[in-house]
Amino acid sequence: MDDPLGNPQEIFQSHLPVGALLLVIFVPSRDQDGQPIDQEYWVDEVLTTLGTLFRGATAYPRGRGVWRDDARGGTLLREEPIIVFSYVAEADLTTNALTELYRTLSRMGHEANQGEIGVVIDGKYYGITEYIEE
Amino acid sequence: MLSEKQIQQALHAGRVVPLAVVKPHGPLGLEQLAAAVSRVNPALGSGDLAVRRPIALDHTTWEKLEQLASTATQTTSQRVTASQVAAAIIEQFVAALLQQGETQE
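Protein sequences, first through last, are from chains A and B. Residue numbers for the first sequence follow the numbering used here, so the first one is 1 and each next one is one higher. Residue numbers for the second sequence follow the numbering used here, so the first one is 1 and each next one is one higher.
Hints were generated in silico from the structure; no laboratory data involved. Do not take every clue at face value.
[As the list claims (entries may be wrong)] Partner residues are not named here, just some residues of chain B that face chain A (Cβ under 8 Å, in silico): (1) 3; (2) 6; (3) 13; (4) 28; (5) 30; (6) 43; (7) 44; (8) 55; (9) 57; (10) 72.
[Stated by the list, open to error] As a list, the in silico SDA-like pairs of lysine to any residue whose alpha-carbon atoms are at most 25 Å apart: (11) B/5 with B/67; (12) B/23 with A/20; (13) A/124 with A/60; (14) B/64 with B/15; (15) A/124 with B/66; (16) B/5 with A/89; (17) B/64 with B/75; (18) B/5 with A/103; (19) A/124 with B/69; (20) A/124 with B/60; (21) A/124 with B/31; (22) B/23 with A/52; (23) B/64 with B/35; (24) A/124 with B/2; (25) B/23 with B/9; (26) B/23 with A/61; (27) B/5 with A/133; (28) B/23 with A/7; (29) B/64 with B/54; (30) A/124 with B/12; (31) B/23 with A/58; (32) A/124 with B/56; (33) B/64 with B/74; (34) A/124 with B/92; (35) B/64 with B/85; (36) B/23 with A/80; (37) A/124 with A/54; (38) B/5 with A/22; (39) B/5 with A/36; (40) A/124 with B/36.
Being a predicted model, the structure only gives us computed values, none of them experimental. Note that CB positions come from ideal geometry on N, CA and C, so glycine has one too.
Throw the hints in and build the complete structure from the sequences for me.
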């Protein structure tokens, strides 16, 4: 009897690396003061970076949200973050690739005036608050 | 595969928080992930409308809270912070006070 599982890579004769790690980046719509940012530009920047580093990425627009910023007198801020995700091959998740990703995220954090940039890799949230000025 | 520490260093991440949603797939999975992230970082979603205020505590109290958080982390396998323990104690105490007040009336 044939092996019911087989190797999908062999069956489909695919020579490309298989991405299994989910990497997710949240691109915000507003800055810390509630001012709209150029979200489309940053989604494009993140997509370009992920596409270059990990061969592909998808932007997934979400429903609308709202959050109350108590550090600013409890103002309600409407937030519509866009989720950008990529399935990354383990071999591609290198220090160099993450350093390159950090450059883009750091620029977004600094230029778009963000308190924290959020990245999820393999089920863990990494909060970035340290930005470099280029 | 890079370790959590190596990823944290490469991304210059100030904090790492394990999420309950480990392998989210499809739009619903991503929504679930987004809800989990919004609890960690309210600015990235609408899930958490908690009030945040800095409060002063003496060092001994804070150390005890950290010990409780460490014990909770070990027993629940989820990272629990001293602030979360403090918030839980205050919320339970205030809720009990309110209940007492209602029964006395």
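We went through each hint and held it up to the structure:
1. This hint is violated: residue 3 of chain B has a C-beta 11 Å from the nearest C-beta of chain A, more than the 8 Å allowed.
2. With 8 Å as the threshold, the beta carbon of residue 6 of chain B comes within range of chain A, its nearest partner Cβ sitting at about 6 Å, so the hint holds.
3. Residue-level restraint check for residue 13 of chain B holds (minimum Cβ-Cβ distance to chain A is 4 Å; threshold 8 Å).
4. Because the beta carbon of residue 28 of chain B sits about 11 Å from the nearest beta carbon in chain A, more than 8 Å, this interface hint is broken.
5. Because the smallest distance between the Cβ of residue 30 of chain B and any Cβ of chain A comes to about 6 Å, under 8 Å, the interface hint for this residue holds.
6. For residue 43 of chain B, the shortest C-beta to C-beta distance to chain A is roughly 6 Å, which falls under 8 Å, so the interface hint holds.
7. Interface hint status for residue 44 of chain B: upheld, as the beta-carbon distance to the closest one in chain A is roughly 5 Å, under 8 Å.
8. With a cut of 8 Å, the hint placing residue 55 of chain B at the interface with chain A is violated, because the nearest CB-to-CB distance is about 13 Å.
9. Against a cut-off of 8 Å between C-beta atoms, the interface hint on residue 57 of chain B is violated, since the closest Cβ of chain A lies about 19 Å away.
10. Look at residue 72 of chain B: its Cβ only gets to about 19 Å from chain A, farther than 8 Å, so that hint breaks.
11. With a C-alpha separation of about 23 Å, the suggested pair residue 5 of chain B and residue 67 of chain B falls inside the 25 Å cut-off, and the hint holds.
12. For the given pair, residue 23 of chain B sits about 10 Å from residue 20 of chain A by alpha-carbon distance, which is consistent with the 25 Å threshold.
13. As the CA atoms of residue 124 of chain A and residue 60 of chain A are separated by approximately 19 Å, the hinted pair is consistent with the 25 Å bound.
14. Taking the CA atoms of residue 64 of chain B and residue 15 of chain B, the gap is about 22 Å. The hint holds against a cut of 25 Å.
15. Proposed proximity of residue 124 of chain A and residue 66 of chain B is supported: the alpha carbons are some 22 Å apart, at most 25 Å.
16. For a cut-off of 25 Å, the pair hint linking residue 5 of chain B to residue 89 of chain A stands: about 19 Å separates their Cα positions.
17. Only pairs whose Cα atoms come within 25 Å are accepted, and residue 64 of chain B paired with residue 75 of chain B is accepted, the gap being roughly 17 Å.
18. With a C-alpha separation of about 18 Å, the suggested pair residue 5 of chain B and residue 103 of chain A falls inside the 25 Å cut-off, and the hint holds.
19. Distance check on the hinted pair: residue 124 of chain A and residue 69 of chain B sit about 19 Å apart at the alpha-carbon level, within 25 Å; holds.
20. Among the hinted pairs, residue 124 of chain A with residue 60 of chain B is inconsistent with the structure: their alpha-carbon atoms are about 31 Å apart, more than 25 Å.
21. With a C-alpha separation of about 16 Å, the suggested pair residue 124 of chain A and residue 31 of chain B falls inside the 25 Å cut-off, and the hint holds.
22. Among the hinted pairs, residue 23 of chain B with residue 52 of chain A is consistent with the structure: their alpha-carbon atoms are about 24 Å apart, no more than 25 Å.
23. With a C-alpha separation of about 31 Å, the suggested pairing of residue 64 of chain B with residue 35 of chain B is violated against the 25 Å cut-off.
24. Restraint check for residue 124 of chain A and residue 2 of chain B: the C-alpha separation of about 13 Å stays at or below 25 Å, so the hint holds.
25. Straight-line distance between C-alpha atoms of residue 23 of chain B and residue 9 of chain B comes to about 23 Å, which keeps the hinted pair within the 25 Å bound.
26. For the hint linking residue 23 of chain B to residue 61 of chain A, the alpha-carbon distance of about 19 Å falls within 25 Å, and the restraint holds.
27. Between the alpha carbons of residue 5 of chain B and residue 133 of chain A the distance comes to roughly 24 Å, so the proposed pair stays at or under 25 Å and holds.
28. This hinted pair checks out: residue 23 of chain B and residue 7 of chain A have alpha carbons roughly 21 Å apart, not beyond 25 Å.
29. A hinted pair counts as satisfied when its Cα atoms are at most 25 Å apart, and residue 64 of chain B with residue 54 of chain B qualifies at roughly 18 Å.
30. Proposed proximity of residue 124 of chain A and residue 12 of chain B is supported: the alpha carbons are some 15 Å apart, at most 25 Å.
31. Only pairs whose Cα atoms come within 25 Å are accepted, and residue 23 of chain B paired with residue 58 of chain A is accepted, the gap being roughly 17 Å.
32. Using a Cα cut-off of 25 Å, the hinted pair residue 124 of chain A and residue 56 of chain B is violated, with the two alpha carbons roughly 30 Å apart.
33. Proximity of residue 64 of chain B to residue 74 of chain B is assessed by CA-CA distance (about 16 Å); at most 25 Å being required, the pair is judged to hold.
34. Between residue 124 of chain A and residue 92 of chain B the alpha-carbon distance is near 29 Å, which puts this suggested pair outside the 25 Å criterion.
35. Between residue 64 of chain B and residue 85 of chain B, the direct Cα distance comes to roughly 10 Å. Compliance with the 25 Å bound is thereby established for this hinted pair.
36. With a C-alpha separation of about 23 Å, the suggested pairing of residue 23 of chain B with residue 80 of chain A holds against the 25 Å cut-off.
37. Of the pairs offered as hints, the one joining residue 124 of chain A and residue 54 of chain A holds, with about 18 Å between alpha carbons and a cut-off of 25 Å not exceeded.
38. Of the supplied pair hints, the one linking residue 5 of chain B and residue 22 of chain A holds, its CA atoms being roughly 18 Å apart against a limit of 25 Å.
39. At most 25 Å may separate the alpha-carbon atoms for a hinted pair to count; residue 5 of chain B and residue 36 of chain A exceed this at roughly 33 Å.
40. Simply put, residue 124 of chain A and residue 36 of chain B have alpha-carbon atoms about 11 Å apart, close enough for the 25 Å limit, and the pair holds.
Hints 1, 4, 8, 9, 10, 20, 23, 32, 34 and 39, counting from the list given before, are not met by this structure.
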